[in-house]
Amino acid sequence: MDAVDGNAIGGLLVDVFGGEMTLAGSICGTCGARRPVAELVVYRRAPGTVVCCRTCGSVLMVFVKARGVTCVDLSGLASLGQPERL
Amino acid sequence: MSPVTRGFRHLRRAPAGQEDRVPPGQYLTDGFPVLSAGPTPHTPLEEWTFSITQGGQTRKSWTWQELRALPAETVTVDIHCVTRWSKLDTVWQGVSVDTLLDQVEHDAPYVMAFCDGGYTTNLPIGDITGGQAWVAFDYGGAPLEPEHGGPARLLVPHLYFWKSAKWVRGLDLRDHNDPGFWETYGNHIYGDPWREQRYEGD
Amino acid sequence: MAGTALRGRLTWQTAAVTAVTRETASVVTIGLNPPDWPGHQAGQHLEVRLTADDGYQAEREYSIASAPGELVEITVERLEGGEVSPYLTEDLRAGDELELRGPIAQYFVWEPGDGGPLMLVAGGSGVVPLRSILRHRLRTGSDAQARLLYSARTLPDVIYRDELDRGHDGVQVSYTLTRGQPPGWTGHTGRINQALLAEVAWPAETNPLAYICGPTSFVETAAAGLVGLGYPPERVKTERFGATGGH
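Chains as they are written, first to last, in my numbering: chain W, 124 to 209; chain U, 159 to 360; chain F, -13 to 233.
It should be emphasised that the hints constitute simulated quantities derived from the structure, not laboratory data. Wrong hints could be hidden among the right ones.
As the list claims (entries may be wrong) - If we take Cβ atoms under 7 Å as the criterion, some of the chain W residues that face chain U in the derived model are:
hint: 1; residue: Phe140
hint: 2; residue: Ala156
hint: 3; residue: Gly171
hint: 4; residue: Val187
hint: 5; residue: Ala189
hint: 6; residue: Leu197
What the hints assert, rightly or not - Taking CB as the label site, the calculated pair distances span:
hint: 7; chain 1: F; residue 1: Gly166; chain 2: U; residue 2: Gly284; range: 52 to 60 Å
hint: 8; chain 1: F; residue 1: Gly67; chain 2: W; residue 2: Arg190; range: 46 to 54 Å
hint: 9; chain 1: U; residue 1: Glu305; chain 2: F; residue 2: Asp155; range: 30 to 38 Å
hint: 10; chain 1: F; residue 1: Gly173; chain 2: U; residue 2: Leu203; range: 38 to 46 Å
hint: 11; chain 1: U; residue 1: Asp360; chain 2: F; residue 2: Pro168; range: 49 to 57 Å
hint: 12; chain 1: F; residue 1: Gly166; chain 2: U; residue 2: His200; range: 40 to 48 Å
hint: 13; chain 1: F; residue 1: Gly156; chain 2: U; residue 2: Leu246; range: 54 to 62 Å
hint: 14; chain 1: F; residue 1: Gln(-1); chain 2: U; residue 2: Glu303; range: 36 to 44 Å
hint: 15; chain 1: F; residue 1: Thr(-3); chain 2: U; residue 2: Asp360; range: 22 to 30 Å
Heads up, the beta-carbon is just placed ideally off N, CA and C, and yes, glycines get one too.
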């Protein structure tokens, strides 16, 4: 429907993490799937941005920006790594 | 301070004479944008139920057939999304939440609407009764499409549209105004578009 | 000490619009002259921010259409009912200014050192980052072989057609038109599927590197198709637009 991937939120990730994160490795806290952030499922244009595991659909990250402050929930991730060249 | 971009206006504001129908900060759209926090659920109608729950118990439940057998209303309402688009004169058909809650004795002050896909949103009882809310299954004269929340969504037009929960499956009666999904992340706990209550602290 | 602001890729800057060139009925290429551009890699994005006179702002990311070393260009498709793309494709003109920042996003990037053969698959305006990659390949004199499979609705919807047909030596370009074909059309027709990919894509034994960009459902079909032909998933890079085609 409205799903894109982590490539589409490069700017948001720069705002939140301070740098390039589309290449960062993610590990899903529910099913253990490993993917670069660029390959995760991204739902935008809701009140916020929701990033889900492409394997099991679990919510990995939620971003809501209000009045210049972005609220970040990363509790669905087991880990989020340094950008790495694949 | 960003420079103003020459000639950039956003989506149109209200037509002349209808300014009082568009809340502050909103813009009109002709389309019906699809905004989702997850994939579109698909519960087969033969498995679908709508329930009033409380404290882990189901107080009352309706199958799809039972819901459709209840008296339904056609309403024309304006809807306002927190992402700033508003749509005037949208036509819906659904069962009033009063009809559903009237069948359960309770004195709960709040509900948490719950949905396929895990989405939740919280509402005061006073905002979903008295003819202010519906479980809607038709939009624009046709069955509500899955991407817009079909088979049925909650419709609470006097609040920002994230409170009109898509793929709604029931209302959990609550003693406290616990925040739902977006409210947890900083969306306003109530969400009145006329007071621009988009985010916590507004 | 109040020194120079830290300029560069992460800060917003105001760029002059040097040109707005119409590519198709709904697509324009916008030439930009950011004063402090740090350079970019082929396939990266930049982000544009528009400010209305009441202070309202809208931000959008776009693939950079030009190669590293060339003037910065983005190619934008007008989306029906969009908030930003109708302005960029119909109102913006040379001499205007746009706030931008970049480059952003390093996943969907190709460098000559990554080698080939390259299998590039474009759906609609998904061709934009792939054109950056092809230009970079040309400008660096890379000997990586490349094929482009480009799905568009009709021939007039094909972006960069002259350049793709004539401008890239050694690149095999195939088109598939999904909504209508000109008389005498000898190219492919219909939506992309595994059979078309089997016909057009580098065989898996050549160890190709694939880049697929376009609407989400297009990308899913193409990616599944290439993986089904034996491409290792880690050598299939994907970039999905929304269903309607923009970022």
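Structure-based check of each hint:
For W:Phe140, the interface hint is violated, since its Cβ never comes within 7 Å of a Cβ in chain U; the closest pair sits about 17 Å apart. For W:Ala156, the suggested interface contact is broken, since its CB lies about 16 Å from the closest CB of chain U, more than 7 Å. Against a cut-off of 7 Å between C-beta atoms, the interface hint on W:Gly171 holds, since the closest Cβ of chain U lies about 6 Å away. Because the smallest distance between the Cβ of W:Val187 and any Cβ of chain U comes to about 4 Å, under 7 Å, the interface hint for this residue holds.
A distance limit of 7 Å between C-beta atoms decides the matter here; for W:Ala189 the minimum to chain U is near 4 Å, and the interface restraint holds. At a threshold of 7 Å, the smallest CB-CB gap from W:Leu197 to chain U is about 12 Å, leaving the interface hint violated. A hinted range of 52 to 60 Å for the beta carbons of F:Gly166 and U:Gly284 is consistent with their spacing of about 56 Å. For F:Gly67 and W:Arg190, the Cβ-Cβ distance of about 27 Å falls outside the hinted range of 46 to 54 Å, so the restraint is violated.
Distance hint check for U:Glu305 and F:Asp155: the Cβ-Cβ separation is about 45 Å, which falls outside the suggested range of 30 to 38 Å. For the pair F:Gly173 and U:Leu203, the supplied restraint of 38 to 46 Å holds, since their beta-carbon distance comes to about 44 Å. Range check, U:Asp360 to F:Pro168: about 55 Å between beta-carbon atoms, so the 49 to 57 Å window is met. Distance hint for F:Gly166 and U:His200: a CB-CB separation of about 33 Å, inconsistent with the stated range 40 to 48 Å.
The hinted window of 54 to 62 Å between F:Gly156 and U:Leu246 holds, with their beta carbons roughly 56 Å apart. At about 42 Å, the CB distance of F:Gln(-1) to U:Glu303 agrees with the hint of 36 to 44 Å. In this structure the supplied range 22 to 30 Å holds for F:Thr(-3) paired with U:Asp360, their Cβ-Cβ distance being about 29 Å.
When held up to the earlier numbered hints, the structure conflicts with 1, 2, 6, 8, 9 and 12 and fits the remainder.
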